[in-house]
Every structure is written in C-alpha cells, then in structure tokens.
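Model the full structure from these sequences, guided by the hints.
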Amino acid sequence: MSTESGGSPALFTRKATGLVREAKTRDALFYNLLWSSVALTFAFYWLFFAFYPGANPYVGILIAAGLGLPGSFLYAMLTQIMPRTGGDYVFNSRALHPSVGFAGNFSYCFWLAIVIGVYTTYFAAYGMGAWGRMMSGFTGSSGWLSFGDWFSTDWGLFITGTVALLLSAALFIRGGTRLFFKVQAIGFLIYVGGAFLLPILVGLFQDQAGFLHAFNDYAANLGVDHATEALAKSATDAGYAHSGFDFEMTVKSVSIFWFIFGFIYSSNYFAGEIRVTRGTHLKSMPGAVLLVVAALLVLLPSFLGLVDYDLNGMLGFADPAAYGFTAGAPAYPELMAIASNSPVFGTIIILGFAVGLLLWLPQTLLLVSRSMFAWSFDRIMPEKLSYVEPRSRSPLVAIGVMLLLSIGSTAIYAFTDWFSAVAVLLGLSLTLLITAVSGIVLPFRQPAMVEGSPYNRKVLGVPLISLVGVLALLGFGCAIGIILWDEGSGASLSANPGKLELALLVYVVAFAIYWVARAVRKSQGIDLSLSHRELPPE
Amino acid sequence: MGLFGRGGKGPKEKPVRLFYASDIHGTEVLWRKFLNAARSYDSEILVMGGDLTGKAVIPLVEKDGGYEIELFGEKQWVSEEEQIAELERQVRGKGMYPHRMSSQEVERVAALTEDEREEWFAEVMLETFNQWLDLAGERLEGTGARCFVMPGNDDPPGVEEAIVAAEGVESCDGELVEFNGYSMVSLGYSNLTPFDSPRELPEDEIYRRVSALADTAPDISRCIFNLHVPPYDSQLDTAPELDENLAVVMAGSEPKQIPVGSTAVRELIDEYQPLLSLHGHVHESAGATRIGRTLAINPGSDYHTGRISGCLLALRGDDVKHQFING
Chain A
934 MSTESGGSPA LFTRKATGLV REAKTRDALF YNLLWSSVAL TFAFYWLFFA FYPGANPYVG
994 ILIAAGLGLP GSFLYAMLTQ IMPRTGGDYV FNSRALHPSV GFAGNFSYCF WLAIVIGVYT
1054 TYFAAYGMGA WGRMMSGFTG SSGWLSFGDW FSTDWGLFIT GTVALLLSAA LFIRGGTRLF
1114 FKVQAIGFLI YVGGAFLLPI LVGLFQDQAG FLHAFNDYAA NLGVDHATEA LAKSATDAGY
1174 AHSGFDFEMT VKSVSIFWFI FGFIYSSNYF AGEIRVTRGT HLKSMPGAVL LVVAALLVLL
1234 PSFLGLVDYD LNGMLGFADP AAYGFTAGAP AYPELMAIAS NSPVFGTIII LGFAVGLLLW
1294 LPQTLLLVSR SMFAWSFDRI MPEKLSYVEP RSRSPLVAIG VMLLLSIGST AIYAFTDWFS
1354 AVAVLLGLSL TLLITAVSGI VLPFRQPAMV EGSPYNRKVL GVPLISLVGV LALLGFGCAI
1414 GIILWDEGSG ASLSANPGKL ELALLVYVVA FAIYWVARAV RKSQGIDLSL SHRELPPE
Chain B
761 MGLFGRGGKG PKEKPVRLFY ASDIHGTEVL WRKFLNAARS YDSEILVMGG DLTGKAVIPL
821 VEKDGGYEIE LFGEKQWVSE EEQIAELERQ VRGKGMYPHR MSSQEVERVA ALTEDEREEW
881 FAEVMLETFN QWLDLAGERL EGTGARCFVM PGNDDPPGVE EAIVAAEGVE SCDGELVEFN
941 GYSMVSLGYS NLTPFDSPRE LPEDEIYRRV SALADTAPDI SRCIFNLHVP PYDSQLDTAP
1001 ELDENLAVVM AGSEPKQIPV GSTAVRELID EYQPLLSLHG HVHESAGATR IGRTLAINPG
1061 SDYHTGRISG CLLALRGDDV KHQFING
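So the sequences go chain by chain: A and B.
Be aware that the first sequence starts at 934, since it is given in this note's numbering, and climbs by one per residue.
Be aware that the second sequence starts at 761, since it is given in this note's numbering, and climbs by one per residue.
Note that these hints are calculated values from the structure, not bench results.
Wrong hints could be hidden among the right ones.
To be verified - Computed footprint of chain A on chain B, listed as stretches where at least three residues anywhere in the stretch have a Cβ under 8 Å from a Cβ of chain A:
(1) 868-882
(2) 1058-1065
What the hints assert, rightly or not - Far from chain A by the CB rule (all over 10 Å, computed), these chain B residues:
(3) GLU841
(4) ASN890
(5) GLY902
(6) ARG969
(7) SER981
(8) ARG982
(9) GLN1083
All residues carry an ideal CB built from backbone N, CA and C; glycine is no exception.
Shown next as structure tokens:
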C-alpha cells in the first residue's frame, strides 16, 4: 500500500496487481512517427509537385496538420476512454453499432491491403533501384545502372515487393513480434539517421551551385552530359513554366500531406494494452503531429536550398530519360545523395529511406492482423482467423491472409494503373470520419463511459469530447473534400469518377459480410447483437 | 432470449446458461450489471471469478464546510450533498472507494505502516462490499439463479468471510460445487506476482489444492475449472513484462509481452482435461483457446470503462458454446 502525489495524499493504493508505472510517452510517440511515413510522403510531395504549380509546402503542411490536429486529440481521448486493442473497431462498435464498427475497420484494412502495394513498389523503385542508380552515378559502372534499372521494371517491382513482403511475414513466423520489435528499433534509428538527419546536414554544408555541379557529374556517368540544361529544355518543351505562389494549388497539395496527418494516431491500435496516464496519449498523438511539423519545417529549407521549386517542377515535367534518369525521376533521397557527393553518405540516405518503407510492411501486417483478431474474437469472422501459433505467438492465419492480399496489391501496382498512388487516401479517411461521429455521439450513447473518464467536462453545456468530435469531423471532412477536389489525388470527383463509389462499395460489402455473419451465427445459436449491448445496471 | 438456439448433434437436453465475469475491481456499476445478467441473459448460473475489490481509496477531505477531492489530477471542492454524491458515484465508477475524511485523518492514514494501512483499507472496502452482497440478495431473488463468487489474488482478507456469510451468493473458493449435472472446481489464488498481492501461492501448492478437488469430481467430462489465474503460455496470459520497479519493459516501440500464467494450471488442464476452464487475472489477454478437449476462456477486463467483459456459455452434455460480451 502506498500514497501517491505530493503533500496531502490524493489517493491511497493497495498492494494489487496491475498497478504498474505508465508506459513512456516516447514509446507511443515513436510508433506514431514511424507508421505515419513522413519520409515517403515528403518524397511523394516532390514527385507530384509538378501537378501543383505554385503550391507552398510550408503552408500545405500547416493546413494538413491543422486539419489532423483535432482528430489526434479525439483519438487520444477515445483511446483513454476505451483502452482496448483494435482502435476504431472498438470505438465505433460501442459508440454507434457493431456493424458500423466492423464496416469502418474492414474498409480501413481493405485499403491498407491496397496501399501496401505502394510501399513494396516504392521500396523497389526508390530504395533498391535508386541505390543501384546512385552507385552507377558515382562510379560510372553500367553494371550498377542495369542493377538499379531492373528494380523499376514491372517484374522488378513485383519480385522485389513480394520478397519484401515474404521477409516481413517470415519475421513473424521465425521470431514473432519479439523479433520484429528488435528489428524495428534498429531500423528506426537507421531511418531517422538516413532519411532525415543526414539530408539536413547535407543541406547545411552544400549549396545549390555545388548540387547542380554534382548533378551534372552524376548524370554524365548515367550517359547524359550537361544534364541540368537537358532537364530545363525537356521541361520547357513539356510546358513547364515558373509559377508564383498559388493558394488553390497549395490547398490541393494538402491531399498529399494528409498521408501523414490523417494517420498519425495509429498507436490507438495498441496503446490500450498498457496502463497509461491521460497525458501519454495526448502527448503521443497530438505531440506526434507537432513533432512531424517541426521535422518537416527543418527538412524543407535544407532540401529547397539545393533543389528549389523550379528544379522540382522541372524534374516533374521533364522526360527523365532526357536528363539521364531512364528508370524515372529521382525522389528526394537520391537528390540528397547526389548533393552529398559521396556514395557512402548516399547509401546511408537511400537505405535509411528504404528501411522506413520496409518497416512499414510488417507494421501494417501486424495492425491488420490485430483487427482481424478482434473480428474473430467477436465471432464475426471464423475462429481460425484469430489462431495464434504457440511458438512464435503470432496470428499466422491473419498474417497469411494479409500477405496474400498484399502480394495481390503489389501486382496491381506493378502491372496496372488501376489505382493511382494516393487513391486509397479516400477509403482510409472515410473511417476517420466515422470515428469523429463516434466521438460526437459517445456522451449520449455511452454516458456512463464518458462520465467515468477524465474527459467528462462540458463546455457551455456541451460535452467536451463532442466538441472535439465536431472539430475532428470538420478537419477530416475538409481533408476528404480536398481529396475529392484535387485532380492529382487519384480520387477526385472530376478526374477520377467512380473512386468515391468504389470506396462506398467497400462499405456495402463490409455491411453485407457483417449481416451474413450475424445470420450464420444465429443459426449456430450465437446472437452477435449481444456482443456490445450494454447490460442494464439498474 | 433465445441466445443459444437448438442445433448440434448432442442430446436434446436444455442447455445450462452460465455467465462468467471476473476482475471488476471495485467497480459498482459492473457488479450491478453482473447481477442483472441473470435476467438479461436468462442465465441459471452466474460465476464471479475473483478480484472484486478496488485498488485505491480516494479521500474526500473536509474543508471549508465542504469536501476537497483530487480526481483525474484535478482538485475540486464541493459542498452540496448532491455534488458530493455525484463525485462519489464517479469514483466508484472507476473502481475506487470514495471516503470522507478530515485532513487529520488523511495525515494519520498516510503515516500508518504498510500493514496498518492494509487493515484500514480492508475496513473501508468491506463496508462497500457488504452492501454489494446485500444487493445480490435483492437482485437475484425470484430469478432462480445461483451466483457463485470467489475472491481473487487481489482481494484482501475478510472478503471470503463476507461471501460465506452472505445470503444472496454462494462461496466456491477452494471447493467443488455442483449444479445442473455439472461440477465446478474453484481456486481464487494466483501464482506469485511482482506485486506481492494478498492471495498468492507457489505453483506446487496450486497444483496440490486443485488436483485434490478435481480428484473428487464425479465426471471430469462435465467438470468446470474456475481458476482465477490462466494457464501458462496459453494466449490467455499475455501481459507486459515488468522490470524490478514495476515499469513496463519496452521492446522497440511497444510493450514487451510475455506469458505470466500458472504452469500448475496449465499442467492441471493438460492432465484432467475438464470440459471448460474459466479464468481472469490478466485483463489485457482476453480470448478463448483449446487445450486438448478443454475450452479455456479469459474474458479480460475493461472495468474502468464501466463495461463488463464477460462470457456467456451454453453447456449441453459435454458440449459448450461461448460468446464474449462487452456489456
């Protein structure tokens, strides 16, 4: 038994199990920073910059962060109130209806299975492929160039991506989550060092003239002399023209940064497993938003000091073959590697970036398998799906299902253009919208749950969490609006008809699965409607 | 309710409906919900698997004609009886005990030795627990349901005696009880934990006590183990590893998870193969698994959310169906 807090004791506690110290905020923060793919999104932004002439990344980042910030507070509050593994599935099942919780989570997992193809193919193209090309650019070796170019072929993308996925699954089969977390910790250090710290340092010690000189030397080794001139000519021929600041383009470019700020609260999927204080979630979710903003605001000037807006615009417009990059335009890690003028530093930068992509694969396998486990636990899905292999302690069936879906998605990205890179944002964001609605109605649907939480205050008579839910809804709603408006998002109403319907169709399928499962279970004597129905206390 | 309908290939006897929950840790609303499961789910048998009492007392300190309380890190002062009652209700809803005290009494309790304070806590806690037991008598009257209750490893001395003396519930800890053609062997003690909780036993003693009871079961194929601690390495016993300061050990960005269940319980299930094995203790490791023919269940616990994590079971012959409930 002990007393807690200084001065007059605020409470007396007994000897009892579970009274452990809270998890460190930095651990949940670490997870959110890793899973939100900051480096990839930064690369995406500049690869697609040509679609957003006049966009200002500083303003775009601040808008995207502003739209995501209320949602990060809402997720932090919901995780504190409902500390259970499963994230939005748990929140929405309890606040709205089990079918809604399942549909939202199913849709989220479905789109993660789709987007995982981006990571595998980008690992091939902008990780291994870029590294091979960089070695050729620094050494003049055609062997390295062929090696790098192969990764950008359809089969190169597919084979590399599939191998990366199989390795991720093998990690769990061989050593379970314990081995994965060890690998993840080491990988995170390589990622931060390679994809952020070293590029920032390169930006500090290199100037634009030095970069352009290095770029020409590099391209010469790839077979094109005076590459910067060739780049400018090709871009101009393709219609590139300098643009001043354009607010509309800036707002549209938010759809790219949404990849970070719409999904930076993913520790909600595991943070409920440990005892934490109220501050842990608030610091690790909104805190992650602020930290990423700070990191990007440091990385941006370092990058733009070497590769300015015009150069980025030209890289997007020009035919990459015209300036020596036959396999495709270089992403920011390769550009910073060129700027470093060193194959060693270049290797650290590109492989650091690639490790971030690689780590995302097992993280996503784990996240989705957790959701599948929750569906199975509630008997919506067959028990087999929650089977945990005793030796590795991994949900192998769920991981196997996700692995097959992921390989399929990699094939789609490698061999077709059915989905543009960021089309999945729409599907993923719709689930956020449902969670925001859950936050709004929770105090009315589950009053006891909210009253017994640290977030039981009212502001002008309105429950605090409902107000935060409204702000989150506005933030998520605006982000979805931008995705639907932006022709470059891959899911715009004007340029990509059918994508919204597709996203909604996934919900229809999910609802159908739930109601069929419910009917099947009923025939077996199990009433799924009871799973989340509150027992009357009186 | 028609929860578990007809079907299956077993004999056409009516299933016995059993509702199991555990680890409510002093949360009064959960106790009320547990008792109401008899009517809501038409359950003939209710089993509470231990850890009924809370872990903390929140002092309401007399000040300026009212009471000061620090809740969720914020100090509040209230004077109206209605406000005080509302705060007390909130505290109970979180599985803690509100206790009105003078500042002198707070200082006195703070200065007590660990053992003395443990006794004081038991007194405060038993006052509430006896009210719970009275409520059970009222709520279950006329339902025909039998309600078995046992203390868990966290429950202090006095809880077992209170259960034995109560009229509305039946004690089952360390006993073999029978109902509707089934027998149930119960033990509320856990194996040794880093928390040095009040009711812990070495593994060999757990084995000795349970096996002595299981040997007297009339038909092991219709026997239920109601053992607070789950079997070792069963996926029902996965919890964050703690260091010597009871801080969570992290592996990368996540808590390092290890099995913390009882090896004796695992051995007992492997050896006796009862029909069903009910467990609690590890809140974060809810699930169902098969150990041989035995269905082992841990519904977990979400006690501080005001929702009861339980499991509805339909027993028919040597067949059992389960459904987790978060009510």
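Here is how each hint holds up against the structure:
no.: 1; hint: 868-882; verdict: holds (count 6)
no.: 2; hint: 1058-1065; verdict: holds (count 3)
no.: 3; hint: GLU841; verdict: holds, 19 Å
no.: 4; hint: ASN890; verdict: holds, 18 Å
no.: 5; hint: GLY902; verdict: holds, 16 Å
no.: 6; hint: ARG969; verdict: holds, 20 Å
no.: 7; hint: SER981; verdict: holds, 21 Å
no.: 8; hint: ARG982; verdict: holds, 19 Å
no.: 9; hint: GLN1083; verdict: violated, 5 Å
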